[in-house]
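Enquirer: Residue strings, one per chain:
There are 2 protein chains.
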Amino acid sequence: MSFSVSILGSSSALPTSERNLTAHLLNVNERFFLIDCGEGTQLQLRKYKAKISRLDHIFITHLHGDHTFGLPGLISTFNLLGRKKTLNIYAHPDLEHIIFQFLSFFIVQLSYPIKFHPLIFNSPQLILENGKMTVHSFPLKHRIPTCGFIFKEKPPLRKIRKELIEFYKISPKDIPDIKKGADFITEEGKCIKNEILTFEPGPAKSYAFCSDTSYTEDIISQISNVDVLYHEATFAHEDQALAQATQHSTAVEAAQIAKLANAKKLILGHFSARYKDVTHLLDQACQIFPNTMVAEDGLKIII
Amino acid sequence: MSFSVSILGSSSALPTSERNLTAHLLNVNERFFLIDCGEGTQLQLRKYKAKISRLDHIFITHLHGDHTFGLPGLISTFNLLGRKKTLNIYAHPDLEHIIFQFLSFFIVQLSYPIKFHPLIFNSPQLILENGKMTVHSFPLKHRIPTCGFIFKEKPPLRKIRKELIEFYKISPKDIPDIKKGADFITEEGKCIKNEILTFEPGPAKSYAFCSDTSYTEDIISQISNVDVLYHEATFAHEDQALAQATQHSTAVEAAQIAKLANAKKLILGHFSARYKDVTHLLDQACQIFPNTMVAEDGLKIII
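Same order as they appear, the protein sequences are chains A and B. Take the first sequence: its letter number 21 is residue 21 in the numbering used here, and every next letter is one higher. Take the second sequence: its letter number 221 is residue 221 in the numbering used here, and every next letter is one higher.
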C-alpha cells in the first residue's frame, strides 16, 4: 500500500521565495489527506500534480492565517470543478462559521457539501477511521488551541502466494478469509495451513504532524514509535528565547521529542524566514537524533 | 521616470501549474501599485523580489475570489513585518466589511491603518492623484460590479541640458522654473531662451487594466491612446458563446478594443485553464491588432 507525504509548504508565518506556507499532502493508498492549508496550497497542489479529485479530508491544526488562508481558494476551486462529493474538514469548531461567512460573499451555492468535524483540544481523539487507517488528533502547546495529528495504517492483511492459488485451485471467494489467516481445504479435503499459503505483509506505517507547538513531552505517548515524525523547528537553538516567547520549538527540541518518542525518522519544518539556510538547524538536530531531514517544498517522503 | 508593469498571475478563476491567479504590479518611479490580489499574490511578490515596503495602494477590480483571496495573507504579512504606513485599498464598498470581519478572527490589532476607498460602478472616477500621476476607474461589463483602471503619468517637466548649467552659471534655485519653461537671465543680464536650455522630455505614459469584462465599446473613451492596454482574453474566438455566457471576452474582442482605442500595445491575459497553449489566442488577436503579446507570470513590461 502506498503511504507517502509531500511537503507543499515549509515556511512559518512569513513565506519566502523558496518556502510556501504550511501544507502537507498525505497519500494513503492513492487517497489523499491534506494537513493544514496555508495560502497558495491549491497552487502547490497544481504544481506538484496532485490528484485533488481524490482529496476528501482536510485537517487543520489551528486557526492561524498561515495554516488556513488557502481554504477559501481551494473550496472555490472544488466548486468551479463541479465537485459533488462531501469534503470533510477537521478543525477548531469556529472554522465552520468563519469559512461559510467569508465565502457567502463570493459563492451563492456550493456544488458539494462540506462537513466540519470539530476537534477537541484537551485530550487525544479518534477523528477518522476506515478499513485502511485511523487518524487521531492530540493537543499541542501553542498560543491558541492547536492539535497535532497521527495517521496510522491498520495492520495489513497477510499476503497470499499467487502461485499457490492456481496450484490448490483456490476460488476468489476464499481469498479474503485466507488473507485474514484462515487455512484452506482443497477439493480432495486436504487442509493447507495458512502459513504455507501466505507470508507476512510489511509493517503498518504511521505519520505524525506536530505544528505549531512549544516543547511538550505530553505528546510522546501519542507519537511513540512513529515511522515519520514531522515536528516544527521554527527556530535555531541559539534563538530559544524567541521560541519560548512565541510558543514554537527549536531544532534541538524537535530532535529531543523524536528521540523520546523513539521515532524512526524526523522531518524539521516551519522555519522562520530569518534563516536563509537551515543547515545549522539540521546539524543541531542531528547531534541528538541522527535520522533527521529538512522539509523542502516539493519533497516527497515514502514512509 | 521608471514606468513598468509586472504580471504576477495570468490565469482566470482556475489557476494552473504555469499561471497564478490575477495580480499585476505597477512600478511608477519606484513606488508600487498592486492591481487585483488573487490567492498567492504575496508569494509571487516574494518570488519576483518586489519591494513590498513601497506598496501603499491596492486596486481591486471586483469581488470575485480569484481577484481578492490574496488580500488576507498580504495584509497579515504587512502586520507581521510591523508596517506602520497606511495601506490604501480601492474597491467595492463591501470589501471593507468582508476583510475586517474575516481578519477579526485571526488578528487582534493591525500594526497599521487600512483606508478603504469605495469605487463607484456607473461612471469614470478620479480615484488617486499625486505629483507624478493620476488613476481613474471606469465601469467594465461583468456579472457583478467591476471597474477597470487607467494609470497615467502627468506630463513630465522639460529636461535641462546639463552642460549649460555650468556654462551659464545657473544656480540650483533657478532649475525648477527652467524645467517648467522659464527663460534664464545671466549675471551679465543676457536672456537665454528656454528652448536653448532645455529639450522635450519623453511623453507621459499610461497603462490600462481591463479585467473581467465582456466586449464593451463604452470603455474606449477612457483608454484611448493608452500606451499599454491589458485586456482580458479568457476565451478563444471559437468559444465566443462561453465568453458571452460568463461575461468575459475573446482574444478577438480584446484586439478590437485595442484597435478602436488606438492603443500602442495590447497584453492578453486571464486565460481559461482549458487552453494548455494560448498561441492561437495570440494569433487570433494579432490578425486585428498586430502589437499584441501574451501575459506570462513573471513577465515585466517597460511602458
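Heads up, some of the hints might be wrong.
No copy labels: a pair is met if it fits in one copy or bridges any two.
To be verified - In silico DMTMM-like cross-links for lysine to aspartate or glutamate, where the CA-CA straight-line distance does not exceed 20 Å:
1. Lys-154 - Glu-129
2. Lys-193 - Glu-166
3. Lys-47 - Glu-18
4. Lys-259 - Asp-227
5. Lys-85 - Asp-56
6. Lys-51 - Glu-18
7. Lys-162 - Glu-238
8. Lys-47 - Asp-277
9. Lys-265 - Glu-153
10. Lys-49 - Glu-18
11. Lys-47 - Glu-296
12. Lys-49 - Asp-277
13. Lys-154 - Glu-238
14. Lys-264 - Glu-30
Keep in mind that the hints were calculated from the coordinates and are not lab data.
Enquirer: So which hints don't hold here, by number, going up?
Expert: Per hint list: 7, 13 and 14 violated.
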